[in-house]
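Visitor: Residue numbering for the sequence shown follows this note's numbering, starting at 18 and increasing by one per position.
Take the hints with a grain of salt, since some may be wrong.
With beta-carbon atoms standing in for the labels, derived distance ranges [claimed, not checked]:
#1 Val55 - Asn24: 31 to 39 Å
#2 Ile50 - Pro25: 35 to 43 Å
#3 Trp30 - Ile50: 28 to 36 Å
#4 Ala56 - Val27: 12 to 20 Å
#5 Lys78 - Lys26: 34 to 42 Å
Source of the hints: derived by calculation from the structure; they are not laboratory data.
Keep in mind it's a predicted model, so treat the numbers as computed, not measured.
Positions of the beta carbon are idealized from the N, C-alpha and C atoms, including for glycine.
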Amino acid sequence: MGEDIMNPKVKIWIRVVLMLVFLYVVILGHQMIGKEGVATMLVGLAGLLLLLWDYNRPYSKSMKR
């Protein structure tokens, strides 16, 4: 039911591309002035945190046993 059907190399490349996109969003928001810039940086930070959570998810499942 919870089997990974995606190739691990493809998964790594998707994560790398998403990380670069979210990092770019943070940098773009840093260059903006005002609430829009802060909101943009928060969106980028949330994306980076989601990637970190997704990366650590298999390890946290093995620690709960």
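Visitor: All the hints need checking, so say for each whether the structure fits it.
Guide: Each hint tested on the structure:
A hinted range of 31 to 39 Å for the beta carbons of Val55 and Asn24 is consistent with their spacing of about 38 Å. Separated by about 42 Å at the C-beta atoms, Ile50 and Pro25 satisfy the suggested range of 35 to 43 Å. At roughly 34 Å, the beta-carbon separation of Trp30 and Ile50 lies within the given 28 to 36 Å, and the hint holds. For Ala56 and Val27, the Cβ-Cβ distance of about 31 Å falls outside the hinted range of 12 to 20 Å, so the restraint is violated.
As the Cβ distance of Lys78 to Lys26 is approximately 22 Å, the hint placing it in 34 to 42 Å is violated.
In summary, the structure is inconsistent with hints 4, 5 from the numbered list given earlier, while agreeing with the others.
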